[in-house]
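Please work from the sequences and hints to get the whole structure.
So the protein lines, in turn, are chains A and B.
Read in the numbering used here, the first sequence has 403 at position 119, and its numbers run on one by one without any break.
Read in the numbering used here, the second sequence has 920 at position 192, and its numbers run on one by one without any break.
No wet-lab data here; the hints were simulated from the structure.
Where hints are given, some of them may not hold.
Unchecked claim - In silico DSS-like cross-links for lysine-lysine, where the CA-CA straight-line distance does not exceed 27 angstroms:
#	chain 1	residue 1	chain 2	residue 2
1	B	K980	B	K970
2	B	K1015	B	K872
3	A	K424	B	K821
4	B	K897	A	K401
5	B	K821	A	K314
6	B	K970	A	K314
7	B	K871	A	K394
8	B	K871	B	K987
9	B	K950	A	K401
10	B	K872	B	K821
11	A	K424	A	K330
12	B	K987	A	K342
13	A	K314	A	K354
14	B	K950	B	K987
15	B	K970	A	K342
16	A	K330	A	K394
17	B	K821	A	K330
18	A	K424	B	K970
19	A	K342	B	K897
20	B	K950	B	K970
21	B	K980	B	K871
22	B	K871	B	K897
23	B	K987	B	K897
24	B	K897	B	K821
25	A	K354	A	K342
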Amino acid sequence: MQKFLPIVAAVLSVQLAHADELWVQVRETKLRAQPSILAAGVADLKYGDRVDKVSEAKSWAQVRTVRSQKEGYLPLSSITPQRVVLLARGNPKIKADATEVVLAGRGFSKEVEEQFKILNQGARFDQVDQVERRCSASTKEVAQFVEAGGLR
Amino acid sequence: MRNARIRPPLATIYLAIMLTGCTNPAFKNLGTEILSSTGVVTRQQAEGFLSAGEKVVKSQEELTPEQEYYLGRAVSAQLLAQYPLVSNAELIKYVNKVGLAITAVSEQPETFGGYRFAVVESPQINAMSAPGGFIFISTGFLKKLPDEDSLAAVIAHEIGHVVARHGVKAISNANLFSALGAFAATGVSVGAEQVSSPVDLGPITSVFTDSVNGVVDKLLTKGFDRRQEYSADLYAAELLQKAGYDPRSLPKVLQILEKETAVDEGGWFQTHPDPAARLEELEDDFKFPPAAPVVSQVRTARFASATGFIHVKGR
Chain A
285 MQKFLPIVAA VLSVQLAHAD ELWVQVRETK LRAQPSILAA GVADLKYGDR VDKVSEAKSW
345 AQVRTVRSQK EGYLPLSSIT PQRVVLLARG NPKIKADATE VVLAGRGFSK EVEEQFKILN
405 QGARFDQVDQ VERRCSASTK EVAQFVEAGG LR
Chain B
729 MRNARIRPPL ATIYLAIMLT GCTNPAFKNL GTEILSSTGV VTRQQAEGFL SAGEKVVKSQ
789 EELTPEQEYY LGRAVSAQLL AQYPLVSNAE LIKYVNKVGL AITAVSEQPE TFGGYRFAVV
849 ESPQINAMSA PGGFIFISTG FLKKLPDEDS LAAVIAHEIG HVVARHGVKA ISNANLFSAL
909 GAFAATGVSV GAEQVSSPVD LGPITSVFTD SVNGVVDKLL TKGFDRRQEY SADLYAAELL
969 QKAGYDPRSL PKVLQILEKE TAVDEGGWFQ THPDPAARLE ELEDDFKFPP AAPVVSQVRT
1029 ARFASATGFI HVKGR
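Structural data, given as structure tokens:
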């Protein structure tokens, strides 16, 4: 039976939850002082972190972090009302209110990518990794670029 | 029941039930009978299992941002097997600043792994976007663009595809349904306990491969649906205006493309509707400002500096 044990590093469970409770659904983000991705960050958040909604306007939500009770803004697209539970490998005993669990999101994942790589050896994941390492600009750089170029 | 694990045949039975008739009460009763008859779970647990599974299917109308990210990585890996990356640091930084200045004013200012804007070596006029926010523009296209606002127009169009999830929609409904069913079969909770199924990555990898191929086929051969292209144009014009770029740079790019259709039939031209038709559609749907804003000397200078070195091979 052991061979059938989960080999994935993380198992994601999603639950329906209280309407004011929201979970971060991007790998990492910053709680912003203003409803703008270029505004100063007031706290670092990562995938699965819970926040409480204070208010909502356009495509942003004003939220409060559960741990540090800091208030700020997150894009609505970066949060979900469905509970995100990360179950670390080797620690599968985290329990949720299972009557509301709607997904264990192993789905398309790092492990599936590894299988895909074996079957598609011509695919250039090394180049994708390079894109992820090199193709970016910091918030500060973008803010300066916007200002210098007369953008908004 | 503690630490109960579903054997592969049981997971298969469950998946079959879910995919073929979980909403049919008669079928659901049959499913309960089958599951409880295995002796691995009680009848009550089997009922809970199926009920949880129903919620899985109902709640997952689309992929999560994390799943889109992995799909986008694999699609990008296939694209980059055909198009080599340009490594000029100044150009990469510049294109990413333009891109992020635009995504900053979009409804989705960040993605699971972050937006990435890359330049690929190709004489063809081409720009593509993969799910999760991987956006590519060819050196051949860059060389045809006169200024930063035109580059912003091309990038904004691709961002439009990402935000509207046109890439994910390229996955056939059958594949998506299979994917969601496969996810469901790999773990749900029953009662108050977490039930972990054995992870058989084969079926998911198969669905993943089909999904990647479906998106790549759209990006390289078939192109998105005509309505999706028009909506990406309209969204791009709105984004440009919101970001402070001249939205008329988009019709300007379409006019450049129209001239190029006579000499280039591949790349962008193979996968996008006729530029003249797009232009007409856009002018019907978007109210362009009457007068040109003052051209920013800073934008002109930095565009020239970042793109001046480009030498398009094969041209």
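The hints, checked one at a time:
Taken as a hint, the B:K980 and B:K970 pair is honoured in the structure, with Cα atoms around 18 angstroms apart against an allowance of 27 angstroms. The suggested pairing of B:K1015 with B:K872 holds, with an alpha-carbon distance near 26 angstroms, which does not exceed 27 angstroms. For the suggested pair A:K424 and B:K821, the alpha carbons sit about 13 angstroms apart, so the restraint of at most 27 angstroms is met. For the suggested pair B:K897 and A:K401, the alpha carbons sit about 23 angstroms apart, so the restraint of at most 27 angstroms is met.
The hinted pair formed by B:K821 and A:K314 meets the criterion: a straight-line CA distance of about 21 angstroms does not exceed 27 angstroms. Note on B:K970 and A:K314: the hinted pairing holds, with a Cα-Cα distance of about 23 angstroms set against a maximum of 27 angstroms. Restraint check: the Cα-Cα separation between B:K871 and A:K394 comes to about 36 angstroms, which exceeds 27 angstroms; the hinted pair is violated. A distance of roughly 14 angstroms separates the Cα atoms of B:K871 and B:K987; the hinted pair therefore holds under the 27 angstroms criterion.
Between B:K950 and A:K401 the CA atoms are separated by roughly 25 angstroms; this keeps the pair inside 27 angstroms, and the hint holds. For the hint pairing B:K872 with B:K821, the CA-to-CA distance comes to about 20 angstroms; that is within 27 angstroms, so the pair holds. Under the criterion of a C-alpha separation no larger than 27 angstroms, the hint pairing A:K424 with A:K330 is consistent with the structure, at around 20 angstroms. Of the supplied pair hints, the one linking B:K987 and A:K342 is violated, its CA atoms being roughly 40 angstroms apart against a limit of 27 angstroms.
Distance restraint check for A:K314 and A:K354: the Cα-Cα separation of roughly 12 angstroms lies within the 27 angstroms cut-off, and the hinted pair is therefore satisfied. Between B:K950 and B:K987 the alpha-carbon distance is near 22 angstroms, which keeps this suggested pair within the 27 angstroms criterion. Distance restraint check for B:K970 and A:K342: the Cα-Cα separation of roughly 14 angstroms lies within the 27 angstroms cut-off, and the hinted pair is therefore satisfied. For a cut-off of 27 angstroms, the pair hint linking A:K330 to A:K394 stands: about 17 angstroms separates their Cα positions.
The straight-line distance between the Cα atoms of B:K821 and A:K330 is roughly 25 angstroms, inside the 27 angstroms bound, and the hint therefore holds. Of the supplied pair hints, the one linking A:K424 and B:K970 holds, its CA atoms being roughly 20 angstroms apart against a limit of 27 angstroms. Taking the CA atoms of A:K342 and B:K897, the gap is about 25 angstroms. The hint holds against a cut of 27 angstroms. Taking the CA atoms of B:K950 and B:K970, the gap is about 31 angstroms. The hint is violated against a cut of 27 angstroms.
Pair hint B:K980 plus B:K871 holds up; C-alpha atoms about 15 angstroms apart against a cutoff of 27 angstroms. Only pairs whose Cα atoms come within 27 angstroms are accepted, and B:K871 paired with B:K897 is rejected, the gap being roughly 31 angstroms. Between B:K987 and B:K897 the alpha-carbon distance is near 31 angstroms, which puts this suggested pair outside the 27 angstroms criterion. Between B:K897 and B:K821 the alpha-carbon distance is near 30 angstroms, which puts this suggested pair outside the 27 angstroms criterion.
The suggested pairing of A:K354 with A:K342 holds, with an alpha-carbon distance near 21 angstroms, which does not exceed 27 angstroms.
Violated hints for the displayed structure, listed by number in ascending order: 7, 12, 20, 22, 23, 24.
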